[in-house]
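Modelling step: build the complete structure from the supplied sequences, incorporating the hints.
Which chain is which? The protein sequence lines are A and B, in order.
Residue 140 in our numbering sits at position 140 of the first sequence, and the numbers go up by one each step.
Residue 210 in our numbering sits at position 210 of the second sequence, and the numbers go up by one each step.
Just so you know, the hints here were simulated from the structure itself, not pulled from any lab data.
No more than 27 Å apart at the CA atoms, straight line, and that leaves these computed lysine-lysine pairs for DSSO-like:
hint : chain 1 : residue 1 : chain 2 : residue 2
1    : B       : K317      : B       : K330
2    : B       : K38       : B       : K330
3    : B       : K38       : B       : K84
4    : B       : K82       : A       : K225
5    : A       : K225      : B       : K84
6    : B       : K82       : B       : K317
Partial selection, computed: residues in chain A whose CB lies under 7 Å from chain B:
hint : residue
7    : L13
8    : V43
9    : V44
10   : Y57
11   : D61
12   : A129
13   : D130
14   : A147
15   : S150
16   : L239
17   : I240
18   : G243
19   : A245
20   : R246
21   : Y262
Which bits of chain B does chain A cover? Going by a derived footprint, with three or more residues having C-beta under 8 Å, they are:
hint : segment
22   : 85-92
23   : 392-398
24   : 402-413
The beta-carbon is built from N, C-alpha and C at its ideal position, and this holds for glycine as well.
As a plain string of letters, each chain reads:
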Amino acid sequence: MNDRRAQLLWFWLFAGPALAGFALFSLWPMLYSFWLSFCQYDVVAPPRFIGLRNYSYLLMDDPAFWPSIKVTLVFTAVQMPLAVAAALGVALLLNQPVQARGFWRAVYFLPSILPQAASVAVFVYIFQADGGLLNRLLALAGITGPAWTSSPVWALPVLIVISLWGFGYPMVIFLGGLQTVPRELHEAAHIDGAGAWARFRHITLPLISPVLFFNIVMGVIGALKVFDLAYAFGAAQGLIPGGPARATLFYGLNLYQQAFTYFHMGLASAMAWLLFAVIVVITWLNFRLSRRWVHYGD
Amino acid sequence: MLSQIRALLLWLAALALVVTGFWWAGHSREPEMQAGRKVITWMLHISPLRDLYEQQVAEFERLHPDIAVRLIWVPESEYHMKFKTLAAAGQTPDMFYSGDVWLSYLRPFMADLTPLVARDAAEIGLEDYFPEIRAAMQHEGHYFVLPESMNISLLYFNRRLFREAGVEAPTADWTWDDLVRAGQRLTRPASGDRPGVWGCSRMAGWWGEWLIFVRQAGGTVFTPDGRRCALDSPAAITGLRFYLEKSSKYGISAPAGFEPLNGFVNERVAMIMGGHINFWLNYNAVPGLDWDVQMLPAGPAGRRGGEVAFAGYALSKTTRRREAAWELMKFLTRPAVTAAIVARGGTSVRRSIAETEMHDPKRQGRPQNLAAVYRQLEFSLPIPRHPNFLEIMLQVVQPEVDRMVLGELTPEEAGRRAAAAVNAFLDTFDPQAR
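Right, dumping it as structure tokens:
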């Protein structure tokens with residue numbers, strides 16, 4: 001056996017299982033779901049080809065599709081910048097030489113390891129309209145608080161607040177990035193008279209821009225795929241998931257319900273492919289725009 | 001070279017192991033015979049009656065030594081996903097839970113029991129079931145389910161709050177006007193440490209209450225052929241309007257979102273319009289809660305409109321152990337089991353047990369007005385028979401009703417929007433709708 005054949009053999013020996021797994025459990029289901037998106041399929045009866053009807057129903061007739069797009073985009077546009085800013089702000093503080101720094105890092109990371117459903121259940125009680133902690137505090141100040149969790153106006157902002165509770169993972173990534181910023185650059189700038197904001201703006205931020213970009217991309221993708229937060233929010237109040245009046249009907253939740261509650265697998269597949277297309281476009285845009293502000297030090 | 005061959009053999013062995021595993025998993029079946037006994041599978045919710053079912057199955061197996069029963073316990077929230085997964089894999093349980101809203105949904109999997117029911121009518125005591133229950137057990141004249149217990153919408157009221165407000169207890173001839181008048185006298189704001197009380201609850205996010213008003217006003221969800229939505233009819237809109245105006249005009253129910261948590265149990269709500277029987281055990285577990293029931297107040301088109309739902313058992317149409325599963329089904333629905341369920345706070349689907357219970361001088365506890373329960377049955381209607389009823393009501397209609405309650409839509413707009421959305425849904429998922 002010559003070298004090339006031997007290399008090929010070793011390649012297939014090591015890459016084969018992973019490629020087989022990818023083909024069997026990722027590629028094939030993806031292709032099959034693409035086919036299903038043109039079918040009516042309820043898991044039991046064989047798929048029935050219906051052309052573009054799933055797509056036309058979603059785009060033209062489904063009363064839940066556009067509200068779920070709106071909820072998801074609003075959440076992404078508001079929550080992602082807030083979450084990234086909070087994670088970066090806390091990471092900057094925890095990068096300072098403060099006492100018990102390890103303890104504080106653990107404290108800020110802890111909420112991220114709590115199950116989201118448990119956090120949501122606690123927050124729902126805090127935001128309860130009748131007798132909830134927040135409205136009782138407001139009542140002490142003579143203010144009648146709104147029905148936070150069951151008002152279509154307030155439900156999504158409440159969910160955004162709840163979601164900000166767990167920013168531990170981006171915070172840790174920022175901390176890692178901040179620790180790679182050379183101290184000498186800060187010292188030199190300080191000697192030259194640069195203030196804290198100027199040093200952050202012109203030294204720290206450019207040097208951690210790849211990390212910032214990574215957190216933004218992951219934050220956007222995560223926000224577009226929100227599911228458990230909204231599901232637990234409805235369940236904790238005994239509401240239909242996505243309520244009140246579709247105010248928290250995230251795209252991922254809508255897709256899950258179509259697939260696994262009502263078994264419209266064809267429709268859910270069409271939704272999944274539309275979401276895939278949107279994520280591809282947004283991520284591509286992100287990468288295009290990143291050329292202007294992300295510095296890789298080359 | 002040798003090491004390469006060894007690695008290749010190892011890889012092939014691992015691959016063979018994985019393929020064998022998949023093959024075994026795909027072909028694994030519950031043995032039809034277990035030590036000479038026929039095995040039947042019964043899929044059911046995890047429920048407080050679990051020990052009763054297990055006792056009954058043990059007794060059944062003792063009496064039928066040739067049959068073994070395998071119970072598949074599934075959490076209620078996962079029941080239908082598990083069921084459809086098993087059905088898709090060709091492993092539908094021989095016997096499974098069905099009833100009310102699920103009858104239409106699961107009917108494609110259910111055996112037509114009509115010949116068995118006709119053959120064993122005397123043995124199962126078919127005539128002993130209430131006529132409304134017998135009607136609910138059927139679809140287009142065919143029997144698909146044997147019932148175990150039932151649920152009826154009733155008016156629940158707190159006797160202590162009525163006494164304190166000096167309001168006479170509800171009577172069987174109440175109308176919506178009486179409900180409003182009593183509700184207004186019972187409603188009182190909070191003062192000092194004394195919490196406020198609402199005259200009547202409002203069930204939010206579910207059809208349980210507003211559908212009663214729609215029906216009592218003469219409306220329906222679907223046209224009689226089940227192919228179009230009729231929630232935009234004037235009668236249906238009258239019902240929706242009353243549901244809204246309970247808080248917005250008459251002030252007897254809390255505004256949307258401000259409903260007290262567990263209001264009836266915490267004595268912050270004096271009445272529940274359309275409450276269900278499965279909460280009796282909870283109410284009776286609350287010390288000092290003095291409650292009772294009455295028939296639903298009548299609407300402009302009459303009293304008819306409350307919901308009757310029942311739980312029961314169905315057979316898989318693909319079962320190969322049909323007679324054995326039918327024997328189990330008959331065993332589980334015999335009068336002794338109905339009586340045991342009633343003793344645990346359930347309601348009888350059989351007239352004989354209901355009459356015994358109503359006239360039992362030793363019977364204690366609540367509700368005291370059992371006669372109202374069985375009389376209300378005469379005025380109750382089953383849930384509309386549509387395979388997508390749950391989805392249509394929860395996902396398509398309810399958000400419009402929620403928006404109405406929140407003041408974003410008028411009843412006319414809510415009815416119109418709901419009907420249009422349901423019709424679009426039917427056009428896509430029910431091609432025969434048009």
